[in-house]
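S.K.: So the chains spell out like this:
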Amino acid sequence: MKRTFLGEFEEIVLLVVAACTDPAYGVTIWESIQQTTGRTITLSAVHATLYRLEEKGFLTSEMGGATAERGGRRKRFFTITNYGSRSLQEIQEIRQQLWKAIPQEKMHPKLSFS
Amino acid sequence: MKNKENLPPQWIDAILKAVIAPHFLEDVLGDLHEVHARNSHRDQPLKARFAYLGMAVTYLRPYFIRRRPSPYSSTYLFSPEMIKNYLKIAMRTLAKNKAYSFINITGLAMGMAVAMLIGLWIYDELSYDRYHKNYSSIVQVMQHQTSNGVTNTQNSVPYPLANELRSKYGSDFKHIVMSSWTSPHILAFGDRKVSKSGSYMEPAAPEMLTLKMLAGTWAGLKEPNSILISRSVADALFGESDPIDKVIKIDNSQNVKVTGVYEDLPYNTTFRGLTFLAPWSLYEIINPSLKTMEDPWRPNSYQIFAQLNEHADVEKVSARIKDVKKKNIRKEQLKFKPDVFVNPMEKWYLHSTFKNGHRVGGRIENVWLFGMIGTFVLLLACINFMNLSTARSEKRAREVGIRKAVGSVRNQLVTQFLSESMLVVSFAFIVSLLLVLLMLPFFNDVADKKLEILWASPVFWVLGLSFTFLTAFIAGSYPALYLSSFQPVKVLKGTFKAGRFAAVPRQTLVIVQFTVSIILIIGTIVVFRQIQFAKNRPVGYTKDGLVTVYLWTPEIHNHFEVVRNELKSNNAIVEMAESNSPATNNWASTSGIVWKDKDPAQSIDFSYNNVSYEYAQTVGWKFVDGRNFSRDFASDSSGLIVNEAAVKFMGLKNPVGENLMWFDSHVKIIGVVKDMIIESPYENVRPLVYSLADDMGGVISLRINPKLSASAALQKVESVFKKYDPGVPFEAHFVDQDYDGKFYDEMRIAKLTSFFSALAILISCLGLFGVASFIAEQRTKEIGVRKVLGATVINVWGMLSRDFVILICIAFIIAAPISYYFLSGWLKKYTYRTEISWWIFMVTGAGTLMITLMTVSFQAIKAALMNPIKSLRSE
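So the sequence lines, in the order shown, correspond to chains Y and C. Start counting the first sequence at 1; every next residue gets the next number (the numbering used here). Start counting the second sequence at 1001; every next residue gets the next number (the numbering used here).
Everything labelled a hint here was simulated from the structure, so no lab data went into it. A couple of the hints might just be wrong.
What the hints assert, rightly or not - If you only want the chain Y side, here are some residues facing chain C, beta carbon under 8 Å, derived:
#	residue
1	G26
2	T42
3	L43
4	S44
5	H47
6	E69
7	R70
8	R73
9	R74
10	K75
11	R76
Every value quoted in this text rests on a predicted model; they were computed, and no experiment measured them. Ideal Cβ placement from N, Cα and C applies to all residues, glycine included.
Use the sequences and the hints to build the structure in full.
M.R.: Printed below as a string of structure tokens:
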């Protein structure tokens, strides 16, 4: 099956959306990515990735939850689609296989003092 | 307060809203605000704001900017089908409102015609002298001279200056050409004799002026006995036969061989009078005194034209040759401080008015004046168009509503109204072309031009069409934007009412129109008054029945007494006299007169005229004091008759009998005559002295017998002149006509401005008529109700007229000071000038009001007379 590839950052964003228990929108996703990865990321990069993932069909969104501090603007809540979670699983499986294929000594090289 | 501080800067949001695609905007901006709200809880407000700016900037990238393609197909603004529909509707609207369409198209066409005429005129003025290929490098050598603290600028220079420039400053000049004045001469070939104007010039002239040779070459003036003639002269003298190498006679004395024929110089060139060119060397042969003159640097009698070398700069050359004359003249003339300079051909025609040695303008002022008038008249026409279109807007509001309801977007409506105005303006353009064709002969006559529509010139068409588009756009833009902004719901529900201020732009436009018209009318009246004022000035002699004949040969002078007696005995004339200068011009001046109390430092410039004994009776001098020259007193050969201006200038109490010195000879004043207006009728009369002529005068004045008709008398004069001077064609000039020629320039401006202001007022009235009729129509019901309730015709008329009268009054209040300011500036030009009296304003104001009332009343009375049953029946 021909499948759209996910970039590294896209994968992280998708994983974060999948992992969220509360409804996820731009700011929360941005914050948890920064927390989990420890990287500094711009909000616009997160937004752009979210929209792109939605265009590709990994995510779906709906509007809701306006608050005063947002100036009365609604939030866009993202949820992962079936296609999105299947893609994540596939990636995970492929990784697993690859992990298993790695010879033990390569992952734990012996120390040598020559 | 705190809340406000926590909000992110609005300007950043404004930018984001404009830049980011709408489908991203809501959540992106919401998220940004949320983050900002958190930041500003934690940080300083300033820091938070910077952070916000930093975040915002990262959204300015293509991904967020790109708009999502609309799911609907976009409206195709220029679909041929729709354009066809627009034009069809436009034609129907035009046909339905014939009066409006007529007013609209004629008004606009008149405005465009005026603008076109003025455009052609300006084009002609600006292309003056451009016929010469060396336009940018040809110059004339001129000089400023100062006497009594006043610097005058003249183009006459002394004879040796040309050679001096050639030998000492030759590196700056490509050609230096000595020239005589262009004046009429008699050219004779066999029996054919014609009087044609031309000049004697040095051989480089044809090359410098890039004459277009039809036969022969530019080198045709090398030999002294040669001549180059123009096409028209060749036709007049030789007809069909080949003129080359034929021998013709100039002024019945010199035989010259035709060495070339050149194309006539066009009318808009300085040298247009140059119908033949004879060599300067011939002039030196005819006037041997040139080379034997005692002080050749003194008389300023000739012209020098030159062409600068490629890289020579006018300013630098002028600076270099500034003192060339001072180095050569005698010491006593140094007080005149002659500064020689070169005046480039580019400035000859439009920029050659000098005041105190500085260039102060010239005809370019007229170019500006008429350019402004043209723009204004066109503006008036555009205003009309806009006025009428917007006035009719309510009538078309339904159409706009329906179009919008059916699915028109605003841009389509704008396109519709623009294409409609395009159609009207195109009609107007065609009509204006016809009008221009019709008016051109008259206009050329008044403006002394030979303009024609440049049918073949692409520039004309590009200008004409772009001008049409521009007018259509300007005139159509307001109605297009205004009409297309109507809201369909309101319009179709019938609650659409033009607001209280909907009429304000219309009223402003009417005010602007009438302000311009009133200014033009006042201007015209003042110009005419000034001319009339100068015309009414007493001339100091009797100009009616006075005729001037110029002499080319000494024949008449030699037989003066015989001719005079013969003419008097056959009753053709009352008297006849000979003089140096004609009554309407002065050709000689002297600086050599010294009186008793004269300050030696004072330099003078008196006109003088050598006359014969009969001059007084002939021109009709009015003696204030003393007596005329008389044959009874031999001492009268050293007698002088002076005018009042001279007496005043010299400050003499008892002028008659006063002894003066004129260079080395003693002279005595024997009479004082009233000032005669000889030169400009707008200036003070210059001091003038008359002495008895001891040599040929060159001008014969004849007082025609008043009992005879002028033509009968002239016939007799001609036959006698022909008898004694058979070689010269007889040509007589009426002094009153020559005198009227002095008003020519002013008359021309006056006629042109009156022509344009008449058009301006006509256009304004057309517009007013249209607006008035619209308003009357709009208020039909109101008038009906008023009439039912008892309003009289006068009431209704007053009600409809009052609004316009107020507008005209406002326009008058604006126009009066503006026109006063400009006209008093214009009048300052003239020493002898009329006042701008208050009645001019009153008359103009009253006249405009009258015209307005007449225009408006037609519609007002029509509306007032209407039967209220008819206007109230429907509904």
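S.K.: Work down the list of hints and note, for each, if the structure agrees.
M.R.: Do the hints match the structure? See the list:
no.	hint	verdict
1	G26	4 Å, holds
2	T42	5 Å, holds
3	L43	6 Å, holds
4	S44	4 Å, holds
5	H47	6 Å, holds
6	E69	4 Å, holds
7	R70	4 Å, holds
8	R73	3 Å, holds
9	R74	6 Å, holds
10	K75	6 Å, holds
11	R76	4 Å, holds
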